[in-house]
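The primary structure of each chain is shown beneath.
2 protein chains.
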Amino acid sequence: MKLATLKQGGRDGSLVVVNRALTHCRSVPAIARTLQAALDDWEVCEPQLRQVYEALNSGAFSNPEVFDQAACHSPLPRAYQWADGSAYVNHVELVRRARGAELPAEFWTDPLMYQGGSDSFVGPRDPVRALSVDWGIDLEAEVAVITGDVKMGCSVADAAKSVRLLMLVNDVSLRNLIPNELAKGFGFFQSKPASAFSPVAITPDELGADWADSRVHRPLTVFLNGALFGQPDAGQDMVFNFAQLVAHAAKTRELCAGSIIGSGTVSNKQGGLQGSSIANGGVGYCCIAEVRMYETIETGKAQTPYMQFGDSVRIEMLDAQGASIFGAIDQTVQAYAG
Amino acid sequence: MKLATLKQGGRDGSLVVVNRALTHCRSVPAIARTLQAALDDWEVCEPQLRQVYEALNSGAFSNPEVFDQAACHSPLPRAYQWADGSAYVNHVELVRRARGAELPAEFWTDPLMYQGGSDSFVGPRDPVRALSVDWGIDLEAEVAVITGDVKMGCSVADAAKSVRLLMLVNDVSLRNLIPNELAKGFGFFQSKPASAFSPVAITPDELGADWADSRVHRPLTVFLNGALFGQPDAGQDMVFNFAQLVAHAAKTRELCAGSIIGSGTVSNKQGGLQGSSIANGGVGYCCIAEVRMYETIETGKAQTPYMQFGDSVRIEMLDAQGASIFGAIDQTVQAYAG
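The listed protein sequences derive, respectively, from chains D and B.
Just so we're aligned: the first sequence equals residues 136 to 473 in the numbering used here.
Just so we're aligned: the second sequence equals residues 136 to 473 in the numbering used here.
Fair warning: there could be bad hints in the mix.
Identical copies carry no separate label here, and so any pair may be met within one copy or between two of them.
Said to hold, decoys possible - Computed list of lysine to aspartate or glutamate pairs in EDC-like fashion (alpha-carbon distance at most 20 Å, straight line):
{"hint": "1", "residue 1": "296", "residue 2": "345"}
{"hint": "2", "residue 1": "296", "residue 2": "178"}
{"hint": "3", "residue 1": "142", "residue 2": "284"}
{"hint": "4", "residue 1": "319", "residue 2": "241"}
Derived by calculation from the structure, the hints in this document are not laboratory data.
Please build the complete structure, drawing on both the sequences and the hints.
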């Protein structure tokens, strides 16, 4: 099943069911006005939404609404929780190597996770807005899950069952604000501005065999200013799967239905700078920082610039037939004007 | 104006207007069903809610409902943002001194702030639930504001105008989980379980002259197992006021109406262990960690234990006439049973 939120009807938008091909949709106010409302009462709403989905796919509606990804907000325009892991430890290892530090051994067994701001997401086609490019604006292409209610201390097996929906994310990072902020010891805050999510959230069954062991086994494609920049496999090198990330988040507290848990920047282990780029046959990168780390490690100096006003990023995942699964995040960096 | 949320009518509870004396209340479904709904449309709702408040105070309603603090959830049972500052730098300085580290000079000019989990607050009379007391369960008594919509990069003056409501908070901390978690570099996560807020949220004008320069100039009283444990003045030694904290939170992103920004543990500068306790004429402490830091600095070893199952904490603020302003947070530590 595929769900989206149109930018109409208030701050939380209006829930629509989208057909598999992402061409048509249907609003469902009699079932749930918003995605959060559906998640709050999932056992009741899910079967009803699925009936609409099947009717949409089979062409049973005579005049279904045309689905416009550009009319979408993020599936949850605002959420009660957005917690982002860093499950691709290869990425973390590169960060450390670039600054000459060892990766602590426990980073392979204990997930990194930060609490993100969830009050003001932007839509998948909205600009990335910043007051200054000196902040070091970077994309981060990731996968995320939306959970149901989760008990404190839940097992990894129960956490796996709590996954309701999957999305893609652009977890924008302000790289030049990170060092000072992390040095203060309280984690990210100003260095993590508004994230954007894919136009469509899907139930895991949509992925068939590509959803296995709580991982998404498909390449995540990233285009930077129109050129392919990355296509690593999201199922590969994901050291902690989504069930483990959810269980980590719930160790000391309950999670409310609608909690979003992210994978962290997707990153596959590659040989080094030369072979990792798309041009040289590598799988490329899901953030600019990663190529800069290779540059730093091998040449002593990062050279690829962060994003400037006017730069664009497109994040998408295609199925084996080349069809878009979640729709595309497609954002341009713009100066914030209030 | 005083507002509260009763535990009825769904996950977000039901908004009621409470009279100044906290004896009676009135539900207002025709104005707004929930506090978040009122905050989403504050310009429209606020004058209508205030009319009800004035009618309640003047005794204009013939049969007003009796207000029961124990029937309350936190004013926002779940919120889109909970960001907690550490504005009482005295507290931070003690943390540092207890571990033999210098306080960085910029900590006096650049606020510490962490992003907290906001999806599953508990009510002011609900237990603090944990799976183990080995986690080092500590109270943290604080003041917090709820904002309206805030622009990215807003000035401190505009941030001051964005303050809609004030509350008290018990920002429970799991002290024994903090060192490992902060060492990982991503800030607090598992070490910050569900917070509880005061039964009542108030508009700043309720404080009269005690709300000045975006600070609350009243003592915050903390009782631990029935004995007075702290009564520091929340207006004293607050290095960053709420306007500065809100502006800090909004530096690189917009804040959505209903964002909660906390002060951090209230802490007044005192001479040392001997004179700081209530028994010795000091103002005491708003968290157990603070007395433990004095003990560590002066005797080499922390001795006061953290909270055990069955221990209780009461957090309240009284006006000059001894009346409770926000109602009381009153929680007992219990083993989590799912």
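We went through each hint and held it up to the structure:
1. 296 <-> 345: within (17 Å within a copy, 50 Å between copies)
2. 296 <-> 178: Close inside one copy (13 Å), not across copies (42 Å); limit 20 Å.
3. 142 <-> 284: between (26 Å within a copy, 18 Å between copies)
4. 319 <-> 241: between (22 Å within a copy, 9 Å between copies)
Figure legend: structure checked against the earlier numbered hints; every hint is met.
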